[in-house]
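Novice: So you can see what is in the structure, the chains are spelled out below.
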Amino acid sequence: MMRALTWQGTHDVRVDSVPDPEIVNPRDAILKVTSTAICGSDLHLYDGVIPGVIPGDILGHEFMGEVVETGKDSTLKKGQRVVVPFTISCGGCFHCKIQQYSACENSNPAEKQDMSATLYGHPMSALFGYSHLTGGYSGGQAEYARVPFSDVGPIVVPDHLDDDQVLFLSDILPTGWMGAENAEIQPDDTVAVWGCGPVGLFAVQSALIMGASKVIAIDHYPHRLELAKQLGAEVINFKTTDVREALMEMSGGIGVDAVIDAVGMESHGFAVDNMLDMVKQKVGMGADRASALKQAILAVRAGGRVSIPGVYGGMTDKFPLGALMEKGLKVNSGQTHVQKYTKPLLDKIEDGTIDTTFLISHRLPLEEAARGYKNFREQQDSWTKVVLKPGTQKEQAA
Amino acid sequence: MKPNRQIGIAGTVAAAGVALGAAAFGAFLSRRHDGGGDDAPQFARRSNHGDHALVGRTVTIRKPAAELYAFWRDFSNLPQFMENVESIAEQGGARSRATWTIKAPGGTTVELRTEIVGETENERIAWASVEGSDIETRGEVTFTPAPGDRGTRVSLHIEYDAPGGAVGRAIAKAFQREPEVQARHDLKRFKMLMETGEIATSARRKSETRAAKQQENA
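These protein sequence lines are chains C and Z, in that order.
Once you know that position 316 of the first sequence is 318 in the numbering used here, the rest is easy, because the numbers rise by one and skip nothing.
Once you know that position 1 of the second sequence is 3 in the numbering used here, the rest is easy, because the numbers rise by one and skip nothing.
No wet-lab data here; the hints were simulated from the structure.
Simulated restraints, written as ranges between beta carbons of each label pair:
{"no.": "1", "chain 1": "Z", "residue 1": "Arg207", "chain 2": "C", "residue 2": "His124", "range": "26 to 36 Å"}
{"no.": "2", "chain 1": "C", "residue 1": "Thr120", "chain 2": "Z", "residue 2": "Gly120", "range": "29 to 39 Å"}
{"no.": "3", "chain 1": "Z", "residue 1": "Ala42", "chain 2": "C", "residue 2": "His124", "range": "14 to 24 Å"}
{"no.": "4", "chain 1": "Z", "residue 1": "Glu92", "chain 2": "C", "residue 2": "His13", "range": "50 to 60 Å"}
{"no.": "5", "chain 1": "C", "residue 1": "Tyr122", "chain 2": "Z", "residue 2": "Ala42", "range": "15 to 25 Å"}
{"no.": "6", "chain 1": "C", "residue 1": "Asp383", "chain 2": "Z", "residue 2": "Asp41", "range": "53 to 63 Å"}
{"no.": "7", "chain 1": "C", "residue 1": "Asp161", "chain 2": "Z", "residue 2": "Ala46", "range": "52 to 62 Å"}
{"no.": "8", "chain 1": "C", "residue 1": "Asn239", "chain 2": "Z", "residue 2": "Glu69", "range": "57 to 67 Å"}
{"no.": "9", "chain 1": "Z", "residue 1": "Glu69", "chain 2": "C", "residue 2": "Pro21", "range": "30 to 40 Å"}
{"no.": "10", "chain 1": "C", "residue 1": "Asp164", "chain 2": "Z", "residue 2": "Arg207", "range": "30 to 40 Å"}
{"no.": "11", "chain 1": "Z", "residue 1": "Arg207", "chain 2": "C", "residue 2": "Leu163", "range": "30 to 40 Å"}
{"no.": "12", "chain 1": "C", "residue 1": "Pro346", "chain 2": "Z", "residue 2": "Arg152", "range": "22 to 32 Å"}
{"no.": "13", "chain 1": "Z", "residue 1": "Asp40", "chain 2": "C", "residue 2": "Gly213", "range": "48 to 58 Å"}
{"no.": "14", "chain 1": "Z", "residue 1": "Gly39", "chain 2": "C", "residue 2": "Lys241", "range": "54 to 64 Å"}
In this text, a Cβ means the ideal position worked out from N, Cα and C, and glycines have one as well.
Just need the whole structure built from these sequences, with the hints factored in.
Specialist: Below, the structure written as structure tokens:
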């Protein structure tokens, strides 16, 4: 038996004893998890706004650890330290071959593809520790995890880099990077990023590395805005400033060249439509709140680019489709093709271009995961990122 | 249709529906493109197909047609991805007679006896039930090269006389083995097996896979 963080219902997650995972398929590996983070998208599960989560499901899609067992077709070796992409990808299908790993056709079990195929027209690929829409694979907020297609996903990390330096290769660093890449940044561009959570902050960092002349970060938490500032962004507090007016001024009256929505479906905001969306979400009509995205579409210049790394699951109301068409905007989005970015980003961590450790505000033993969820949700200003350390006691984790 | 004495009429009706889906057969090439004003396959039409049911589906698999054909042509391979087919015994002969043992509701099995009624190497395999089979059906799988290096388009068509019509399918559906769903899933599993060498499962332990659970229930 092992300990694992399980979802029981809205705002109810617990660390339980569950049977150990084992090698099921030939390409599997089993990891002893050494570090695993709570992601902003885990909060969507915590808040009960993602369908297809079943009580008892083990959460966690940002994890790394030591290989302790390998299937006969795994290319990993026992004892290797690896970081695991949150997207499960086979490496052999059409989409994997063109590096659209998050559209893998083979990772979501056949019998689980129908739900998302009905919702989206095509089945989703599998993700760790998320909904059964995405396969229902057990996650990494546990002492051990089964990793399918271990010859494709996990990246071996060198011993001189510690967990805190590389853990975020599993999701939020590549997600921020792809968010910036999707903004198709040109030199001299001004780029605006909504949301200074982990993905937004990494998008800020990435956009600057990609050569944006100015990056403007938007949030309302002072500490998060401060972090964005330290990375080199100019900041706007949407609670005290008219965002669109400010962006027009800060971009010389043109509008920003590209916008990045790193907020997603549970956005805050005071707009009337957002309140309506929130009410509908509460009564189960399920419209995604998308106030950040709506604002971004109005703020971007004509002919500009809209990048959406923020997570959405369903429909949204009063979407400014006219602005999208009339201004000739280009939209790029999607779950991150993590496997495409792990190696180049590991190189950037190794050569010192990227540091991710500034983000971590709390390190907790796995046993305290439930407290981590609660505080990460309720104290977003100070709890910027929680890393769980299975197998450690309180003093060691901190 | 011969009623199976052991499981009764309702069981047979359900089992037949089940079996057809489970086995994921093909249909009649000659009828596929009949009667419509466009180029879509017949199984994509909104109208009914008469008094028989027709199931069809296409997937693209990143492997050469010859490899996929060879795997499929050895019928004993099919239970690897056809979830409800327990085994296929080949009797051989000029028309490659085979007996399919198919799991049915209530832990019973039904037998489908088929022979090959048409084939073109690396392109097409068609089969039909013969005298003595519990189920009447015709099936076909075709392998067509996809553009560029995308591999092969594999289309599976099943035609069968649905015993009890809608009622039979309703019973089968209650057992989660509605033919169309089962055929679609089986074809996806075929793709997985060919492209990745394994069939995706989110089970954390061997005893929790669908295959293991079916074994348990049988």
